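Chains as they are written, first to last, in our numbering: chain A, 1 to 116; chain B, 117 to 226.
This list has only true hints and no planted wrong ones.
With the C-beta cut set under 10 Å, the calculated list includes, among others, these residues of chain B facing chain A:
{"id": "1", "residue": "150"}
{"id": "2", "residue": "204"}
{"id": "3", "residue": "217"}
No lab work stands behind these hints: they were computed from the structure. Computed from a prediction, not measured in an experiment: that's the story for all the values here. C-beta: ideal position from N, C-alpha, C; glycine also.
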Amino acid sequence: SAVISQKPSRDICQRGTSLTIQCQVDSQVTMMFWYRQQPGQSLTLIATANQGSEATYESGFVIDKFPISRPNLTFSTLTVSNMSPEDSSIYLCSVDALAGVYNEQFFGPGTRLTVL
Amino acid sequence: QKEVEQNSGPLSVPEGAIASLNCTYSDRGSQSFFWYRQYSGKSPELIMSIYSNGDKEDGRFTAQLNKASQYVSLLIRDSQPSDSATYLCAARSGTYKYIFGTGTRLKVLA
Numbered sequence: 001s002a003v004i005s006q007k008p009s010r011d012i013c014q015r016g017t018s019l020t021i022q023c024q025v026d027s028q029v030t031m032m033f034w035y036r037q038q039p040g041q042s043l044t045l046i047a048t049a050n051q052g053s054e055a056t057y058e059s060g061f062v063i064d065k066f067p068i069s070r071p072n073l074t075f076s077t078l079t080v081s082n083m084s085p086e087d088s089s090i091y092l093c094s095v096d097a098l099a100g101v102y103n104e105q106f107f108g109p110g111t112r113l114t115v116l
Numbered sequence: 117q118k119e120v121e122q123n124s125g126p127l128s129v130p131e132g133a134i135a136s137l138n139c140t141y142s143d144r145g146s147q148s149f150f151w152y153r154q155y156s157g158k159s160p161e162l163i164m165s166i167y168s169n170g171d172k173e174d175g176r177f178t179a180q181l182n183k184a185s186q187y188v189s190l191l192i193r194d195s196q197p198s199d200s201a202t203y204l205c206a207a208r209s210g211t212y213k214y215i216f217g218t219g220t221r222l223k224v225l226a
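Bound-form chain A, shown alone (with noise of 0.2 Å):
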């Protein structure tokens, strides 16, 4: 399995502002995963990121508004731009990671964002 940790846990910022959020795992993992999940909805994938290469978003979400860094196999960051109300919602991160034979997918304990 992996232990993810993510940065920071919650906060609340102004309208047209952006925030950084960190996402590190305990081991290498080849694939992370930035989601969004809005109070009492399901998960939406926002992009995938692997090492070395440009995040894959996912339709209606832009790099612009959602920048993604992944400089080595256990550490990414998101990037909410210029926010507004409507990207108040708890942002996650997830990892590929193997557990025994198989690949497994394990989540960080989120950010809970508020934007005013």
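Position chain B against the provided structure of chain A, taking the given hints into account.
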């Protein structure tokens, strides 16, 4: 479009009963299947994974997979109020591609 479908619930069961959670998936190429438990305000926690047809037991949890019917289920025996949460079903569909259901909310009544 590849999908995983779950009944949103809530599924209410009395304490001590068996809770049965179900999901179906559309991609016949999916090879791995997962159940996550998510408490309100927390992140999803992987509780069961299953890769071959049949049953897999871990404590009070049993995952069942039927690839012919494209059906995955999770049974929780001796349900406790602490089991009250949303349960997400997921299928790994290709390399690094996970498809999540929308989750079933379980309420265990004391």
